[in-house]
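A.B. asks: Construct all of the structure, not just a fragment, from the sequences and the given hints.
Number of protein chains: 2
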Amino acid sequence: MRLSRYFLPVLRDVPKEAEIVSHRLMLRAGMIRQQASGLYSWLPLGYKVLMKVQRIIEEEQNRSGAIELLMPTIQSADLWRESGRYDAYGKEMLRIEDRHEREFLYGPTNEEMITDIFRTYVKSYKDLPLNLYHIQWKFRDEVRPRFGTMRSREFLMKDAYSFDLDKDSAVKAYERMFVAYLRTYARMGLTAIPMRADTGPIGGDLSHEWIILAETGESQVFCHRDLLEKPIPPKNVDFRGDLKPIFNDWTSLYAATEEMVDHAEYEAAVPEDKRVSARGIEVGHIFYFGTKYSEPMKASVTGNDGKETVVHMGSYGIGLTRVVPAIIEASHDENGIVWPVSVAPFEAVLINLKAGDADTDAACDKLYGELTAAGLDMLYDDRDQPAGSKFATADLVGIPYQIILGPRGLKTGEVEIKHRKTGERETLPLANVVERVRSLIEPQRMNDI
Amino acid sequence: MRLSRYFLPVLRDVPKEAEIVSHRLMLRAGMIRQQASGLYSWLPLGYKVLMKVQRIIEEEQNRSGAIELLMPTIQSADLWRESGRYDAYGKEMLRIEDRHEREFLYGPTNEEMITDIFRTYVKSYKDLPLNLYHIQWKFRDEVRPRFGTMRSREFLMKDAYSFDLDKDSAVKAYERMFVAYLRTYARMGLTAIPMRADTGPIGGDLSHEWIILAETGESQVFCHRDLLEKPIPPKNVDFRGDLKPIFNDWTSLYAATEEMVDHAEYEAAVPEDKRVSARGIEVGHIFYFGTKYSEPMKASVTGNDGKETVVHMGSYGIGLTRVVPAIIEASHDENGIVWPVSVAPFEAVLINLKAGDADTDAACDKLYGELTAAGLDMLYDDRDQPAGSKFATADLVGIPYQIILGPRGLKTGEVEIKHRKTGERETLPLANVVERVRSLIEPQRMNDI
Chain A
1 MRLSRYFLPV LRDVPKEAEI VSHRLMLRAG MIRQQASGLY SWLPLGYKVL
51 MKVQRIIEEE QNRSGAIELL MPTIQSADLW RESGRYDAYG KEMLRIEDRH
101 EREFLYGPTN EEMITDIFRT YVKSYKDLPL NLYHIQWKFR DEVRPRFGTM
151 RSREFLMKDA YSFDLDKDSA VKAYERMFVA YLRTYARMGL TAIPMRADTG
201 PIGGDLSHEW IILAETGESQ VFCHRDLLEK PIPPKNVDFR GDLKPIFNDW
251 TSLYAATEEM VDHAEYEAAV PEDKRVSARG IEVGHIFYFG TKYSEPMKAS
301 VTGNDGKETV VHMGSYGIGL TRVVPAIIEA SHDENGIVWP VSVAPFEAVL
351 INLKAGDADT DAACDKLYGE LTAAGLDMLY DDRDQPAGSK FATADLVGIP
401 YQIILGPRGL KTGEVEIKHR KTGERETLPL ANVVERVRSL IEPQRMNDI
Chain B
1001 MRLSRYFLPV LRDVPKEAEI VSHRLMLRAG MIRQQASGLY SWLPLGYKVL
1051 MKVQRIIEEE QNRSGAIELL MPTIQSADLW RESGRYDAYG KEMLRIEDRH
1101 EREFLYGPTN EEMITDIFRT YVKSYKDLPL NLYHIQWKFR DEVRPRFGTM
1151 RSREFLMKDA YSFDLDKDSA VKAYERMFVA YLRTYARMGL TAIPMRADTG
1201 PIGGDLSHEW IILAETGESQ VFCHRDLLEK PIPPKNVDFR GDLKPIFNDW
1251 TSLYAATEEM VDHAEYEAAV PEDKRVSARG IEVGHIFYFG TKYSEPMKAS
1301 VTGNDGKETV VHMGSYGIGL TRVVPAIIEA SHDENGIVWP VSVAPFEAVL
1351 INLKAGDADT DAACDKLYGE LTAAGLDMLY DDRDQPAGSK FATADLVGIP
1401 YQIILGPRGL KTGEVEIKHR KTGERETLPL ANVVERVRSL IEPQRMNDI
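Those protein sequences? They're chains A and B, same order as listed. The opening residue of the first sequence carries number 1 in our numbering; numbering runs sequentially from there. The opening residue of the second sequence carries number 1001 in our numbering; numbering runs sequentially from there.
Keep in mind that the hints were calculated from the coordinates and are not lab data. It cannot be assumed that every hint is accurate.
What the hints assert, rightly or not - No more than 20 Å apart at the CA atoms, straight line, and that leaves these computed lysine to aspartate or glutamate pairs for EDC-like:
1. B:Lys-1138 - A:Glu-58
2. A:Lys-138 - B:Glu-1058
3. A:Lys-126 - B:Asp-1357
4. B:Lys-1126 - A:Asp-357
5. B:Lys-1016 - B:Asp-1361
6. B:Lys-1091 - A:Glu-97
7. B:Lys-1123 - A:Asp-13
8. B:Lys-1274 - B:Asp-1305
9. A:Lys-138 - B:Glu-1103
10. B:Lys-1052 - A:Asp-98
11. A:Lys-123 - B:Asp-1013
12. B:Lys-1126 - A:Glu-59
13. A:Lys-126 - B:Asp-1078
14. B:Lys-1138 - B:Asp-1078
15. A:Lys-91 - B:Glu-1101
16. B:Lys-1411 - B:Asp-1395
17. B:Lys-1091 - A:Glu-103
18. B:Lys-1048 - A:Asp-87
19. A:Lys-52 - B:Glu-1058
20. A:Lys-91 - B:Asp-1013
21. B:Lys-1411 - B:Asp-1357
22. B:Lys-1126 - A:Glu-258
23. B:Lys-1091 - A:Asp-98
24. A:Lys-91 - B:Glu-1097
Keep in mind that this is a model prediction, so the values were computed, not measured.
C.D. replies: What follows is the structure, given as structure tokens:
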């Protein structure tokens, strides 16, 4: 993408309303714009990151056997009366009346609707296990939305729902999602730790929050240091096999949020030098809640023995519009964002140091064509702007590699590459640039971990 | 995808509520489910088609130079007061009050919001031309929603908005979208004809509706027969060059909807044997409307001469949730849907005629692996079901090619391929199947037209 033809409205000034660094950087880097309190547009650069996050989630959900569909944002109030949550949900639910004065709501979550879909079509134990998910906009009318898209009112969530014949099978479904989540966050460059959590208004008796550590985290967490460096289950992990050993391996090490921590237990379980007490940001939440919705909503199947059995369910959420700022909280420096390659809006930026100079333009245009042809997701800063401003923009928006070419380099046939994360610079012959950049980027795409 | 692990709830019975064939077939093929009047879930098969349609639209929008972002579904009423449309819009607008009793609405379109984004960031003529688009759910509270997703209340639309310094440039932006639309529909296997149209509540003085011909069409259209077979501008068409010759070539032939037709003009312009009068379905609408929104909302830039100039705008819509049924209206037979390859939920289905038989299972599993490895988007009917039921399902859901293998074929080493569209069958050696199917499918993917 040529920057001269792109829409990247970076801001020079630090917006006053932004309290946390991810919010400030997302505004400054032209990723988002607030349209009203808690309502954001995702500008092109931000949207591109959001979609890269979405692709990773979809790939890992699909790999685990979950199936994607899409439910509408607007739901009937009657459906929520069946579960008893319509009255229970309170003011966070955005309630709507249509032109015929029928009651609707903007879905804050989808347990009721997916249970309704399930009971309509699935009649036999033979159709289980089943895990259906969607990635759809939700709305929670927070009293005081803040922190940008970290706590916005309209937000994008992946929510999966598992259906099983009994608790044992449902726990297996839970373990599949547990492993999928380990892989999902790792592929985004995040160290996310599953922590025992309170089940809250969703209900149920087995639940983990997925937490990344960041100084700006909203809550205190307590865990075993080894969790921070545990290897992730590989791409070819058998999702139809026994995942309990992986689940047990991860959950045997102590990890809990402040709502759940038992300090005596924590200190007994974790040697002093292994204790990590830090701030964390929740980036996902998974629940097994048994028959909480299937019972009142009569979602049952005929079992092997011919008897009707109410199904056991779980739900599994990831807030995409929350993951993006969480990545920034975990990865930035004083000059701006430092994107992991797998979710970077562009993998590298080619900086033309003298746009308008015919020789430099020709060399840069040619190199840009070659880098793009090599399958690299490229930004090309071809604007007629001072070099300093181009470097500042590249640093701010956090592209992992800067490829710098100007008249001087052209004379010696050399190009400079700057690594955004480390600040390291290398100079190399023009002819070697494409291969070098590709060799830097490909392993970091995390497609094959 | 193994059908035994998929969620494809096909219906045997013809749903009574469905008045048109696409609605019936989408329900029967397990593509959609009505959640409330005018509100639909897209079940996995339907969602997959919807996303293939979305990818084609995105590729062609990007190719033409438009840039993707994403605006929220909920908009502030104040924004719509600026353009005067808040009061003018009537009951089709879903109006919402939040917990603080502030007025919002579920966006039916986005002229106001994109103009607001534009005026916030763009200050100079140097940043023009600019065309921003998004693909987002919209809501129009129709009195009587019907025809399934063809006229639903919550619907998915691609809407692009162009910004230019003057009318001449704005017309060039219009021509770029015109060419992008020609390519977009062709890639979906549709013959869509641009017709002079009324500009309606969007306003403006240049507008085309994009119409596909189908007996069930909602309106009468009149056009020159040559439009039905006109070649489409190729992939490498220069969107930065002069597109007026293409635009003139298409618009010089008469084509108009019943609201716009002048019968005397029609008969004068089109020889009798070239006249086509038929029913049509609108699948897109493009507008140039000048300063209708930029004037009241003060969206201006500083021109070359240092003076403030109000920008000229256009908007360009495609209803994705309408395009899917429109494709079905244009392509089905008495047994079900006949998908064009480029938007088919799966490109081919492998039918195991004797699931449970060890040899047949082994041969089918192997072939499925090979077809998938060859990059084909495969469904694998591995269920323990009678052959007749499998054929009926494959026909109903409309997969372009059926690859049929059972114990008898296994003995002679032969596989049957059925072409869904023509009914043609061919028998060939097992070893040649992958290459044959690939050679059938690849040219129909339309990635390179």
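A.B. asks: Now tell me if each hint is right for this structure.
C.D. replies: To see whether the hints hold, each was checked on the structure:
{"no.": "1", "hint": "B:Lys-1138 - A:Glu-58", "in the structure": "23 Å, violated"}
{"no.": "2", "hint": "A:Lys-138 - B:Glu-1058", "in the structure": "23 Å, violated"}
{"no.": "3", "hint": "A:Lys-126 - B:Asp-1357", "in the structure": "19 Å, holds"}
{"no.": "4", "hint": "B:Lys-1126 - A:Asp-357", "in the structure": "19 Å, holds"}
{"no.": "5", "hint": "B:Lys-1016 - B:Asp-1361", "in the structure": "39 Å, violated"}
{"no.": "6", "hint": "B:Lys-1091 - A:Glu-97", "in the structure": "12 Å, holds"}
{"no.": "7", "hint": "B:Lys-1123 - A:Asp-13", "in the structure": "17 Å, holds"}
{"no.": "8", "hint": "B:Lys-1274 - B:Asp-1305", "in the structure": "50 Å, violated"}
{"no.": "9", "hint": "A:Lys-138 - B:Glu-1103", "in the structure": "18 Å, holds"}
{"no.": "10", "hint": "B:Lys-1052 - A:Asp-98", "in the structure": "32 Å, violated"}
{"no.": "11", "hint": "A:Lys-123 - B:Asp-1013", "in the structure": "17 Å, holds"}
{"no.": "12", "hint": "B:Lys-1126 - A:Glu-59", "in the structure": "40 Å, violated"}
{"no.": "13", "hint": "A:Lys-126 - B:Asp-1078", "in the structure": "53 Å, violated"}
{"no.": "14", "hint": "B:Lys-1138 - B:Asp-1078", "in the structure": "18 Å, holds"}
{"no.": "15", "hint": "A:Lys-91 - B:Glu-1101", "in the structure": "11 Å, holds"}
{"no.": "16", "hint": "B:Lys-1411 - B:Asp-1395", "in the structure": "26 Å, violated"}
{"no.": "17", "hint": "B:Lys-1091 - A:Glu-103", "in the structure": "16 Å, holds"}
{"no.": "18", "hint": "B:Lys-1048 - A:Asp-87", "in the structure": "35 Å, violated"}
{"no.": "19", "hint": "A:Lys-52 - B:Glu-1058", "in the structure": "15 Å, holds"}
{"no.": "20", "hint": "A:Lys-91 - B:Asp-1013", "in the structure": "42 Å, violated"}
{"no.": "21", "hint": "B:Lys-1411 - B:Asp-1357", "in the structure": "13 Å, holds"}
{"no.": "22", "hint": "B:Lys-1126 - A:Glu-258", "in the structure": "53 Å, violated"}
{"no.": "23", "hint": "B:Lys-1091 - A:Asp-98", "in the structure": "9 Å, holds"}
{"no.": "24", "hint": "A:Lys-91 - B:Glu-1097", "in the structure": "12 Å, holds"}
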